[in-house]
Amino acid sequence: EAGVAQSPRYKIIEKRQSVAFWCNPISGHATLYWYQQILGQGPKLLIQFQNNGVVDDSQLPKDRFSAERLKGVDSTLKIQPAKLEDSAVYLCASSGGFITGELFFGEGSRLTVL
Amino acid sequence: AQSVTQLDSHVSVSEGTPVLLRCNYSSSYSPSLFWYVQHPNKGLQLLLKYTSAATLVKGINGFEAEFKKSETSFHLTKPSAHMSDAAEYFCVVSPRYTGKLIFGQGTTLQVKP
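If you read the sequences in order, they're chains X and B. Take the first sequence: its position 66, counting from 1, is numbered 66 in our numbering, and each next residue is one higher. With positions in the second sequence counted from 1, the corresponding number in our numbering is that position plus 114.
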């Protein structure tokens, strides 16, 4: 079974530039998550999708971050304009359902903002 | 509100000695609890999970954790550390039927030869 795929793995940009990350979840998983992991901290949920719809985006900085999940499969997370404090690893995860609570994570996209 | 506190940011053990990583949680209702492991430049991997069945939970690679409701704890243990266990470990609480994971700050496990 293929795992969660993310790209790019690494990205370096200057502040005020834009960046986009892509995620392809495990086939058949209805729930998709984006987490932000700042160095030395635990991952923090940015947004949770159930199929096409947003379940929770309460911690997404909506003035600069946006995310979409077209057709209930792939997802894109965009940051525009980027700030220095956005330097982090962006983790995508997917789940087959709420009951087990088990998430499957991709390897992450590491963003460095200079 | 649910939260989780990992009591040690860094734990160092010698190879072959026991491992104890401590975690306390706060939850209004009976939660699901997990331990995830993150090796350098790798994705997070589930070690084990508690979902209200047996209070002693066995996971992969010889790890286990005990759910103690009276102490609101979910400590992770392993009888004998291996060099390959060196990684970052996260204790996680999940409010039932939400699919959300709330992570602790993480504990770095160092294993010395």
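Hints are computed from structural coordinates only; laboratory data are not their basis. Just so we're clear, the structure is a prediction, and the values are computed from it rather than from any experiment. Some hints here could point you the wrong way.
Within a straight-line C-alpha distance of at most 35 Å, the following computed DSBU-like cross-link-like pairs (lysine-lysine) qualify [said to hold, decoys possible]:
1) X/K11 to X/K78
2) X/K83 to B/K214
3) X/K11 to B/K163
4) X/K15 to X/K71
5) B/K226 to B/K156
6) X/K11 to B/K226
7) X/K71 to B/K226
8) B/K183 to X/K78
9) B/K214 to X/K15
10) X/K71 to X/K11
11) X/K71 to B/K214
12) X/K83 to X/K11
13) B/K214 to B/K183
14) X/K15 to X/K83
Taking CB as the label site, the calculated pair distances span [what the hints assert, rightly or not]:
15) B/H153 to X/I38: 13 to 23 Å
16) B/S166 to X/P8: 32 to 42 Å
17) X/Q41 to B/E180: 35 to 45 Å
18) B/E178 to X/G28: 43 to 53 Å
19) X/W22 to B/T222: 39 to 49 Å
20) B/T186 to X/Q59: 42 to 52 Å
21) B/K182 to X/Q17: 27 to 37 Å
22) X/G72 to B/K156: 35 to 45 Å
23) X/Y10 to B/E178: 27 to 37 Å
24) B/T119 to X/K62: 24 to 34 Å
25) X/Q80 to B/S128: 24 to 34 Å
26) B/N175 to X/P8: 48 to 58 Å
27) X/E14 to B/L170: 29 to 39 Å
28) X/P81 to B/P227: 27 to 37 Å
Where is the CB? At the ideal position from N, CA and C, for every residue including glycine.
Status of the hints after comparison with the structure:
For the hint linking X/K11 to X/K78, the alpha-carbon distance of about 13 Å falls within 35 Å, and the restraint holds. Note on X/K83 and B/K214: the hinted pairing holds, with a Cα-Cα distance of about 27 Å set against a maximum of 35 Å. Distance hint between X/K11 and B/K163 is fulfilled; the C-alpha atoms sit about 33 Å from each other, no more than 35 Å. For a cut-off of 35 Å, the pair hint linking X/K15 to X/K71 stands: about 31 Å separates their Cα positions.
With a C-alpha separation of about 21 Å, the suggested pairing of B/K226 with B/K156 holds against the 35 Å cut-off. A C-alpha spacing of about 33 Å is found between X/K11 and B/K226, which places the hinted pair at or below 35 Å, so the restraint holds. Between X/K71 and B/K226 the alpha-carbon distance is near 48 Å, which puts this suggested pair outside the 35 Å criterion. A C-alpha spacing of about 41 Å is found between B/K183 and X/K78, which places the hinted pair above 35 Å, so the restraint is violated.
Between the alpha carbons of B/K214 and X/K15 the distance comes to roughly 31 Å, so the proposed pair stays at or under 35 Å and holds. Restraint check for X/K71 and X/K11: the C-alpha separation of about 26 Å stays at or below 35 Å, so the hint holds. Between X/K71 and B/K214 the alpha-carbon distance is near 22 Å, which keeps this suggested pair within the 35 Å criterion. Restraint check for X/K83 and X/K11: the C-alpha separation of about 14 Å stays at or below 35 Å, so the hint holds.
A C-alpha spacing of about 21 Å is found between B/K214 and B/K183, which places the hinted pair at or below 35 Å, so the restraint holds. A C-alpha spacing of about 5 Å is found between X/K15 and X/K83, which places the hinted pair at or below 35 Å, so the restraint holds. Remark: the range hint 13 to 23 Å for B/H153 to X/I38 is upheld by a beta-carbon distance near 19 Å. Between B/S166 and X/P8 the beta carbons are some 40 Å apart, a value that agrees with the proposed interval 32 to 42 Å.
Checking the proposed 35 to 45 Å range against X/Q41 and B/E180 shows it is violated: the Cβ atoms sit about 26 Å from each other. A hinted range of 43 to 53 Å is violated for the C-beta pair B/E178 and X/G28, which are about 30 Å apart. In this structure, X/W22 and B/T222 break the distance hint of 39 to 49 Å, their C-beta atoms being roughly 30 Å apart. A hinted range of 42 to 52 Å for the beta carbons of B/T186 and X/Q59 is inconsistent with their spacing of about 24 Å.
For the pair B/K182 and X/Q17, the supplied restraint of 27 to 37 Å is violated, since their beta-carbon distance comes to about 49 Å. The beta-carbon spacing between X/G72 and B/K156, approximately 27 Å, falls outside the hinted interval of 35 to 45 Å. The given range of 27 to 37 Å is respected by X/Y10 and B/E178, whose C-beta atoms sit roughly 36 Å from each other. Checked against the given bound of 24 to 34 Å, the beta carbons of B/T119 and X/K62, roughly 29 Å apart, stay inside it.
Judged by the Cβ atoms, the range 24 to 34 Å given for X/Q80 and B/S128 is violated: they are separated by roughly 49 Å. The hinted window of 48 to 58 Å between B/N175 and X/P8 is violated, with their beta carbons roughly 30 Å apart. Taking 29 to 39 Å as the suggested C-beta distance range, the pair X/E14 and B/L170 does not conform, at roughly 51 Å. For the pair X/P81 and B/P227, the supplied restraint of 27 to 37 Å is violated, since their beta-carbon distance comes to about 47 Å.
Of the numbered hints stated above, those contradicted by the structure are hints 7, 8, 17, 18, 19, 20, 21, 22, 25, 26, 27, 28, listed in ascending order.
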